[in-house]
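> Given the coordinates of chain A, assemble chain B onto it according to the supplied hints.
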Amino acid sequence: MAHFTKATSVKDWLNQRLAVEKVEKVMASEYWIPKNINFLWAMGMVLVITFALLLVSGIFLLMYYVPTTEEAFYSVNYTIMREVDFGWLWRHVHGVAASVVFLIIYIHMFTGIYYGSYKKGREMIWISGMLLFIAFSTEAFSGYMLPWGQMSYWAGMVITNLFAGGSLHADFLVEWIRGDYVPAQAFLGRFFMLHVLLVPIAILGLIGLHFAALRIPHVNNQDGEEIDFDAESKKYLDGDKAGSKVMRFANDFMSKDMMVVGVYLIFFFYLVFYNYGFAMDPVNFDPADGLKTPAHIYPEWYFLWSYEILRPFNIDLGLALFGFAQVIFVFLPFLDRSPNTVPANRRGKAFAIWFWLMLVNMIVLTAMGKLPPEDPYSQVGLVAAIVFIAQWIALPIITSMEKKV
Amino acid sequence: MKNKEPIILVVVVFFSLLTYYLVEPYAHHVMHKHVDSENFAYADLPAITKTGDATRGGELVMGAGACVGCHAIEAAGMPAAMEPQMAAASYGVNPPDLSNAGAIYDAKFLADLIKNPAHALKVEHKFDANKGQMHPMVGFYGAGGDIDQEVADMVTYLQSIAISPADVTPAMAFENACGRCHAMNYENWTQIGTKPKFKHEKDSLAFDIKVLEYQDSIKSYMGKLPPDLSMYIRSRNEQFISTFVENPQSHLAGTAMPRTGVTADSMEKVIEHMKNAGDTKRHERAEVGKNVMIYVIIFAIFALLWKKQVWRDLH
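Residue numbers (numbering that gives the first Met the number 0), protein chains in the order written: chain A, 0 to 404; chain B, 0 to 314.
By construction, these hints were calculated from the structure, which means they are not laboratory data. Everything hinted at is true.
Partner residues aside, some chain A positions facing chain B, computed with beta carbon under 10 Å:
#	residue
1	G148
2	V262
3	F268
4	G276
5	F277
6	A294
Because the structure is a prediction, the values reported are computed rather than measured. Positions of the beta carbon are idealized from the N, C-alpha and C atoms, including for glycine.
In isolation and in its complexed conformation, chain B is listed as follows:
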């Protein structure tokens, strides 16, 4: 009798793969909009044409630019004037410390942000000055000279005080770019910082109250509390998160989430940090997976040999 097993196997595999293709790749392709990354080039923003001078930039940041009226710059000895929840009550969200902004964010983005925050952040649908909807960060109108030169100086200054981009850790990138709106419970991160270990419950509760106050401010500023990102690497995928951060409007037109202006390098670090929270066992998975595969292949070979031996007498 002809052995029909190969053709049966082909039929079974064909229908299984067809079903898989239809319910997974094909269905997801239909259900989810595909957005291509622009490699964090921020092509819509004007290029910086002037060569900046860090010293003059420093003077502007500390002086006429009035940055330090709201922003802390720990690296330049300017600590935060208020606790985060107080700052959020005033501005909606805690203005970031600018110490490492030059390393984490794109230079073109920073330049545009200084001049026209709502434009750089892509939240002009929310903040329209003509309708009296002012963005909490006031744009820089110039200190009397060439505004483009002044902005270039300020960006250069921020880059000069920042640590080297190579030294930015995944946690720093995440906390700086995402962490003032998003908590990451599994990494003990709240919008006002890492929750310390308190000896007394009273102190722990006092910290929680500050977090809740902060969250109240951000809720009214953003419309809802931005989600905790602990498991986002599993609930969204890498490609989605990356293109969403690059331009939130591309996926979700009208969203209150601003463009953060991270560099491609910082984005990779943010993703790395999200994996460190939501997919902590990925290295162990690769290691164990390899060993298990070797084991089951050996098992299958022995099973095959056993079958051959047993069946020798049956034919």
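Pulled out of the complex, with its shape left as it was, chain A reads as follows:
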């Protein structure tokens, strides 16, 4: 057993038992961040704040939500929206945050791709991040079922149907997932459990992994520069704060994080109070009705690009390509064969075009995924889906031909 002495202060008492000073150094004051980064590096903190908003608002909603097909819609739209003090606020915060969190995730992802932050020892950061993306997608989808409105019901119907595997007709699998022939009580109960327990636990674990993955390779910077963190941090600690290439996480970088968070919160609460419609689909304010199919069934905006990869093809090919689109991003660090860890625009024409085309094409897919499957939207969607697949096939080829810069 360690030797304990009589504590001289509360801090000393804690130090002897929890090494709080050491922890503070490791996590904050001597957690070194490169200086040549921009506000896009604050998206991690923005995500943490958004996740906290989701968690807190979710806890309040959970107190009044009733996970039964009879009561769910009423508990959300009457009890929470009308009866509970500020229930409407928690719901709007939760709904808007659930949508905005994906906007920030996509910005965070494309930042990573642009600056090559998945390369040279940073593969696990990328992979854990993509696992978080999958976990957040599951969380979003399961949460969308809970108000038990028309879109909950029919999105649940459509997405669980995918598990029949097209011509495989694995209907038993669909029934097994639903616990019924159609989405009903068993289905709602299961997705409720996933949403409030299992998936949040997975997300918390993955956030831990994501942070841990950052520890050894350190944060990337906007020039892909390899920094000697030991030498630079020594410089900083010796007093040459301006000359050092690194800074403390707290308070140095955190003050910038908070500045970005401040601007973000203005945007976020503007949406919560004045422009929440995009995140709370009107169709879902009609109670679920298994006998009435809505005129247009579409997923929330953040799933549209992958939905559009499913839609233009016949069912089997569509499902295969949909599956491909779901997992392919995870393999990015291994498909990118280039030796360069620099911003996309400095890696030569081929990759620069690849990056910007990927971004624009995913926006095209997103738009076509929402529009009804008619001409000319389906043709545009078909071309965009083919371009998406072709880009991933081309990636190892164009990156292995890339010159070292």
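Frame of chain A, contents of chain B only:
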């Protein structure tokens, strides 16, 4: 080194807004038919050319017009002859009490309705007299004089007994124009009226049975049970509801829902009532929203100042 942050911000904002524009305004514009309001002018209906006389109108309504054979007029001391569910069993839907019809509905609409109900209500696709499909309300064929004069008299009479249009409350407008077909559960409204608080469950169940009987009639009359409108202000938007009520056929050709003939003023009150049911916290939202925005702007200013202070030593 050049500060690239402004250009990065422009790129991020541009692509975010582009995505937003495509999946929200643009996609909805493609998916949903846009119908412009005609400001409840009911231009397809003939104008009333004669000046009505309320006294003669009253005689016609009570006498030759035979209105009170089916309609109650509480304001004139004529209570309903039957309970709503019984009336609905006979007519398909409970004929409305006419006390405030003159205040809630457009005069031209009322005049056309008296002469040719299926035409005014825009349900001629459902009720074609030539095919033997009679509208439950029989048109007025005239009491022997100038039919246009007689109709004008009746409309004037209805206006004379009604309360002032300014005194129509949102709930009255809704219950009168919508509430005999549509329930509004969150406001405790059923098609046969507001459900009272009963002391005994037996009485509560007896009331529910009447509602169910009423709903059975209206189901066979309309083809399906008209939806509960509690959350319609959120599931549809104001513009949709307003233009749909003005002319249901414009959005949904062939629908069994009749044109109700409300005035523009009554429509605003109906919308107000729907907000009172489905968006009760809108005033609180505006108030809290303002305060939260002030708070986060102050927060952002302090965060900016803190950043500037911390970074002074870093450059």
